[in-house]
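There are 8 protein chains.
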Amino acid sequence: MELQEYANLDYDRERRCGFPEVIFGEGKTAEQICEIASALLKRHDLVLATRVSDEKAAEVLAQIDDAIYMPIPRLLFVDRRENPIRTNNVNEALTTVTQSRTTGNIIVCCAGTSDLPVAQEAAMTACLMGSHVTLLTDIGVAGVHRTLAHEDELKSARVIVAVAGMEGALPSLIAGLVGVPVVAVPTSVGYGASFGGISALLSMMNSCAGGVSVVNIDNGFGAGQVAHRINSPSWL
Amino acid sequence: MELQEYANLDYDRERRCGFPEVIFGEGKTAEQICEIASALLKRHDLVLATRVSDEKAAEVLAQIDDAIYMPIPRLLFVDRRENPIRTNNVNEALTTVTQSRTTGNIIVCCAGTSDLPVAQEAAMTACLMGSHVTLLTDIGVAGVHRTLAHEDELKSARVIVAVAGMEGALPSLIAGLVGVPVVAVPTSVGYGASFGGISALLSMMNSCAGGVSVVNIDNGFGAGQVAHRINSPSWL
Amino acid sequence: MELQEYANLDYDRERRCGFPEVIFGEGKTAEQICEIASALLKRHDLVLATRVSDEKAAEVLAQIDDAIYMPIPRLLFVDRRENPIRTNNVNEALTTVTQSRTTGNIIVCCAGTSDLPVAQEAAMTACLMGSHVTLLTDIGVAGVHRTLAHEDELKSARVIVAVAGMEGALPSLIAGLVGVPVVAVPTSVGYGASFGGISALLSMMNSCAGGVSVVNIDNGFGAGQVAHRINSPSWL
Amino acid sequence: MELQEYANLDYDRERRCGFPEVIFGEGKTAEQICEIASALLKRHDLVLATRVSDEKAAEVLAQIDDAIYMPIPRLLFVDRRENPIRTNNVNEALTTVTQSRTTGNIIVCCAGTSDLPVAQEAAMTACLMGSHVTLLTDIGVAGVHRTLAHEDELKSARVIVAVAGMEGALPSLIAGLVGVPVVAVPTSVGYGASFGGISALLSMMNSCAGGVSVVNIDNGFGAGQVAHRINSPSWL
Amino acid sequence: MELQEYANLDYDRERRCGFPEVIFGEGKTAEQICEIASALLKRHDLVLATRVSDEKAAEVLAQIDDAIYMPIPRLLFVDRRENPIRTNNVNEALTTVTQSRTTGNIIVCCAGTSDLPVAQEAAMTACLMGSHVTLLTDIGVAGVHRTLAHEDELKSARVIVAVAGMEGALPSLIAGLVGVPVVAVPTSVGYGASFGGISALLSMMNSCAGGVSVVNIDNGFGAGQVAHRINSPSWL
Amino acid sequence: MELQEYANLDYDRERRCGFPEVIFGEGKTAEQICEIASALLKRHDLVLATRVSDEKAAEVLAQIDDAIYMPIPRLLFVDRRENPIRTNNVNEALTTVTQSRTTGNIIVCCAGTSDLPVAQEAAMTACLMGSHVTLLTDIGVAGVHRTLAHEDELKSARVIVAVAGMEGALPSLIAGLVGVPVVAVPTSVGYGASFGGISALLSMMNSCAGGVSVVNIDNGFGAGQVAHRINSPSWL
Amino acid sequence: MELQEYANLDYDRERRCGFPEVIFGEGKTAEQICEIASALLKRHDLVLATRVSDEKAAEVLAQIDDAIYMPIPRLLFVDRRENPIRTNNVNEALTTVTQSRTTGNIIVCCAGTSDLPVAQEAAMTACLMGSHVTLLTDIGVAGVHRTLAHEDELKSARVIVAVAGMEGALPSLIAGLVGVPVVAVPTSVGYGASFGGISALLSMMNSCAGGVSVVNIDNGFGAGQVAHRINSPSWL
Amino acid sequence: MELQEYANLDYDRERRCGFPEVIFGEGKTAEQICEIASALLKRHDLVLATRVSDEKAAEVLAQIDDAIYMPIPRLLFVDRRENPIRTNNVNEALTTVTQSRTTGNIIVCCAGTSDLPVAQEAAMTACLMGSHVTLLTDIGVAGVHRTLAHEDELKSARVIVAVAGMEGALPSLIAGLVGVPVVAVPTSVGYGASFGGISALLSMMNSCAGGVSVVNIDNGFGAGQVAHRINSPSWL
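Chains as they are written, first to last, in our numbering: chain F, 1 to 236; chain A, 237 to 472; chain G, 473 to 708; chain Z, 709 to 944; chain E, 945 to 1180; chain U, 1181 to 1416; chain V, 1417 to 1652; chain B, 1653 to 1888.
Take these hints with a grain of salt, some might be off.
[As the list claims (entries may be wrong)] Partial chain U-side listing against chain E, Cβ under 10 Å, derived:
id, residue
1, V1202
2, T1209
3, Y1249
4, I1252
5, V1360
6, L1381
7, G1391
8, A1403
9, R1409
[What the hints assert, rightly or not] Some chain A residues flagged as far from chain Z (calculated, every beta-carbon gap over 12 Å):
id, residue
10, S289
11, D301
12, E328
13, Y427
14, S430
Quick caveat, the hints were computed from the structure, so don't treat them as lab data.
Owing to the predicted nature of the structure, the values given are computational and were not obtained by experimental measurement.
We put the CB at the ideal spot given by N, CA and C, even for glycine.
Please construct the entire structure, taking both the sequences and the accompanying hints into account.
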């Protein structure tokens, strides 16, 4: 009965928002994810589950043949659209598969390995929704010359997702360089006084640069969704 | 010398961002505001100062003849563009003057009198930047039928700024109805466990509805700026 | 000796409160739970233990034949009243067994799967105490039309328990629709800036709608108890 | 136009909740309070404004002849019902005037002088709504024998509002004695580690006694409203 | 070399404080505890280690023959004094063994099973130091009549250690009854808004009753030490 | 009626605790203080009010002839005992007047001018209760040699009250030198990350030295009361 | 007597630290500042008081003829050395007077007007201690090209003091460019989620760039002192 | 590609900062650490990884022959310089190997076993960078005479790293004795109200002694790096 609800809900939302309901994988069993996904697939050709652990993903993959799991961003999806994404490699998905049908240009950027899971979650979310996404992973406030080497590329984007943990200064730095909206994502990377991402969250809320708005700690999915809505306006 | 810096900076930013540097009025004297504004006006035809108190505004108005001060949103500006805003009445500015040259459609909404200063700051910021803005002030989660009476209007916007204090639930409610980005602004309205806006801020960060991103507590200016960038993309 | 204390205490409380002492299962061993329950059963025909893990429950069930364990709300009880509840299925217990002797009408509502354990704990607590309880699980602020589909049903209740995590806006939404007391239960569902339920707790404390009072994070038991006391006044 | 909204809203709410919209006086000017009150009085025979300062009250009293102001609970109301409350003395209002038409019995209790403003706000709110209210002001955890001297009286109530600052232990103490709902109100009374009422708030959220639910810090109005709804059920 | 330091230090402290250095067991390996204990035992006839887990204790007991481990308070000690404590049963140690040589009278009290580990740590610490200690475990603010049943006994103590989690109201209740110092120990018992003992800690800091001072969360050892110093003044 | 309560209460408490009820002056008007004090003076020969501002004190002094006000510790008292304290100079009171009848020896110590109000409140409270008190004001962790110059004096005390703001390290330093109880009082002295005394409070809660217990921020009165109870045991 | 202590203390410290005791002006009266300063001037030729308000300064200047007060950094000093600083203009003091005898090179930098008081406090503290200090006020993370324009100058310093409020990213940016120690000073500039400087403080504690250490919020004096010690090593 | 970035980056930084990029081991797999280390070793003769667990270290040691792992400070390094450190014993490395080529003198001090991992991390970081480091582990505020026994040694250092958990008072104590910079490192040692190091962090931020600056909780690496920069100035 709950699944029926999900299916109906998605139908309404999809018409409105251009994307079906997404399954929040945390706190659900693999069985529950399979059930909800199956119900959604009766009406939709694309289903996405976020925050899915390796163990749960293995169970789901065993039951849904064409499900794809990307372990670093912990995303699991079933893509039954015309030109489906069939790779579980994030970079391949971003650079090759989606080129044919994406629109506009989102840049997702972060400093390096530690923030990569959240950055990839943001990038793949927007990519699955249909945006063209570029992922830059060697940008950070402590090595500002590397950031400036990308200045022109950053200025060419329609919207930028800036992902950072620890002191969370990246969005301010980026927003000082460009004139488009910057969606800031604090991550829980750090220790001690990073307080699980609070330090980065507060930094981003207090950005002295214009055009910055913030999503929840580690919420790559939310940032990808906001960025896609900005990048592909429904009114165009 | 510092003023020179301001003036040069703005010149660069304006080309990039479509708007000159803004003067953060809090913590500056009326004299400082006048000096910086005068320097900026040598290069720009629009200057905006935020968080300006009544007392400071009176001093500035005495020195700069064509400055306009709006006391509720505490905004002070000098508009020397072709079709300038010459009224200090927010509703008049939003509905009459700007119609001729604004583009797109932003809705700024809040529940009522208490959140009005922040909502007006957001609305006027976007309006001065050139966006067409509608201000809805009778919307709130505790009176959901009133909100739904505006459902079609909300769905017609390109971006929505949702302003709320206390439990801060308005952005979630709105985002559940529309498919465009929602910029959430927590306000410090409330007492006790509202902790000066923290309650609303956390609610908005944790919105279970898609497409919500958040700016700092009481930061109407920031929300208006983000909304304008979304509403009037530089790439169109 | 401590058990004797418990047994005596319950005797007094039952006359006063209509329900025996409840065993707080967290931090007690299965053995301790069995001992206390056995002591209480010498005087009472109904004993309830909350926050009992699967492992502990298995041990208790092995020792007390007619004990019932509901794993999702983690409740364990022994019901030796005249028309006892003999099912471990929450929905069955709520809809079938208790109909014959319950009084009044409590609605417990939440948004979905994640908040279900706490909602079921609240519902079963009130049900065991003798209230008629309806459980609604498809209600949330982000899908307000679904909530409004239940508006008449919600208005028919004597008291409503509203369970929500993340932004915790459900109690405000409900309280704006009805004229009866709303008992709000924040849950620890969420991540990042939900801070283990603080976000939802603060939202509920700051509800701008009337008639809302709040219990501790994840305290479904407490909410069920308050709701039952309101639903079945001792003075009627 | 906003006033019209208020007036319509109240009409709906009154039928549903038995009480007109209440004006939150904090952050509104005396002029705004007068305007909203006048609009409401066209449809209602009772209007209440909370958190009204002495200065604002004096201005309102100068404009609305039959307005009553109680300075300790900072309540201002206009009562044009058949047997109106015409005294600005809280004790007189509670003991004399309301006797003729109140129903049921609420006890509002606190430890002494410091918590009195919040306790009176709760008591008068419920009294104005039509409940019979008794106010006990010499009860506290540090003088438990005094509390126990009221044990029988406490047990006779239908609902109890327990107001306390500092360590906030009163609701637990009371709830251990009675079998009816206890609405707990933390106050900002205290200094240092009371953190403006957080200490009392947390104590009340963690009450080990049953039947306790909590409202916001210093929210006497909210507690009175919840208590009245429990005391005078709409379904009786 | 570090052990030598320990041994010398204790010699000085013992003369001054009447008790050797205590080993903080948390964060030390069983091997480290053995080494330090052995070094201390060359100079002292009593060594105490706190916060020792079951696993570490087993290793230490295998190496030091006459070591005693009490698992609930997680205390491990070697007592080579004239009338040594040779039981690992707390109640037995408190009631039988120590009677012959203890002085004065400390009461350690708590509400029940959950706070028992901390209460026993406090009681055994003071007992090992040479105080006569009575442990009351059926006292709590939610069952005030049980507490009052002990009123005379409580008044007979020289100092009281009051241990409580959740709302932490016990010390206030006790201090309102007696005229001796009350050492309050908050515990981490609870969930949700108890925040690991912060709720109880703040309550105790804000006690409106006189004579209360507070030690760290779960610091039974510290409370026992303070109580012993008060109970057995060095100046008598 | 409330005053009557106060008077009766004090009578009971005095027999038990050796000191009448104390008036918490904050949040009371001068008139209220006078009324309560007058009522208490009918039964007691000593009344103390804490946290009394200069303005309120002037009003009280105008009404109660023999009232004494000490402005730095903000204490106001009426001493009608046999050898009353008749000076409003703290040092004079501590060194001269009380010598004739005090017992034992309390040392109250702090670093300097800033913590002096709280230290004097502690010292005078214990002095009024009948303890012999020495006040040391040139002791601090940043000038450890000055502290050590007082080592013998510190070791001679029966109990020590250590008052400190900012990093709050003084109690640990003192407790490492002596074998008697140390009552720690955090003060709100400091700025920035001292957070109104939280920094000092946490330091004191986490003292690695034995025998330290803590009272509320700026609670000199509470510390003096605890210290007096330790210094002058009722059981001697 | 306390003054004597100060005087002696300073004598010792000066030999050790190269600078006399500094008077913390907050919470002291003008009279107290004069007394302590006069006592110190008997032994020292330089006395500094920090956090002195305009009002207090006026009183001190009236009593001590050669005292200098700088209102923006709120510093008051008496310089009776050979080549004394006799100007109350910070820039003049930094650029002209001190050139003759300072050593090494400290750069103090901040973004602009708002952080200037703290930056000037840091700069003047180090300058008075004898360091050569350069003050850069047009550097910030949101305008990174301006910062880079100073890259060579920054690299030439021996130590850098980076002052920032709001997101507090400046120290990370600077530390990524240079190889010398960076002393970070968070300021309370900002509003909402800046929480009086906590946001900036946490950012700086979590800097991902090497060589950053942090002082208290708004503690320009402390930063200047640390920087001077690094700049002018006592071992050279 | 990312590795290439690392290698290039380090080349630039080494010239500037005298030390190659350091690998933050937490959140990286052993495989990632090996890859990055190998890439760095193509250009550098010294590579350091921090926060490496035992398990990861074993894997890395199996792949890189000459890697050294120190388990207590969790440091892993490959030293291919002329006089390499070849021991995994911290004390041996500090006292023997590095003597030949280190310069200056850093003292790292802490109270004992619990803070040792962080202290060793600080000491070995500075040692690997080329500083002469002395490690004192028997110093603490609760045993001040032991600290003073090292007073002359402490005064001989060029910079001191003071490591402390719990109340975090050590840096204040040390800074009161010396005239050189003190780098304070709070550790997460403690329980209850130590809040994972917040207590120590706040203490250190509020130090009333001069010359103290603070790094992140448990950030021994950062403190070692700051200390080395102060000890071995690039401008000498």
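Verification of the hints:
Because the smallest distance between the Cβ of U:V1202 and any Cβ of chain E comes to about 8 Å, under 10 Å, the interface hint for this residue holds. The criterion of a C-beta within 10 Å of any C-beta in chain E is not met by U:T1209, whose closest approach is roughly 20 Å, and the hint is violated. About 22 Å separates the beta-carbon of U:Y1249 from the nearest beta-carbon of chain E, more than 10 Å, and the hint is not met. Annotation: interface hint on U:I1252 violated; nearest CB of chain E at approximately 22 Å, more than 10 Å.
Interface hint status for U:V1360: upheld, as the beta-carbon distance to the closest one in chain E is roughly 6 Å, under 10 Å. A cut of 10 Å between beta carbons decides the hint on U:L1381: the least distance to chain E is about 8 Å, and the hint holds. Because the closest C-beta pair between U:G1391 and chain E is about 5 Å apart, less than 10 Å, the hint holds. Using the Cβ-Cβ criterion of 10 Å, the hint placing U:A1403 at the interface with chain E is satisfied: the shortest such distance is roughly 8 Å.
For U:R1409, the shortest C-beta to C-beta distance to chain E is roughly 5 Å, which falls under 10 Å, so the interface hint holds. With a least CB separation of 17 Å from chain Z, A:S289 remains clear of the 12 Å interface cut-off, as annotated. Taking the minimum C-beta to C-beta distance to chain Z, about 30 Å, the non-interface status of A:D301 holds against the 12 Å cut. Its beta-carbon lying about 15 Å from the closest one in chain Z, A:E328 satisfies the requirement of being farther than 12 Å from that chain.
A Cβ of chain Z approaches the Cβ of A:Y427 within 12 Å, the least distance being about 6 Å, so the stated non-interface status is violated. Not every CB of chain Z is more than 12 Å from the CB of A:S430 (nearest about 8 Å), against its label as outside the interface.
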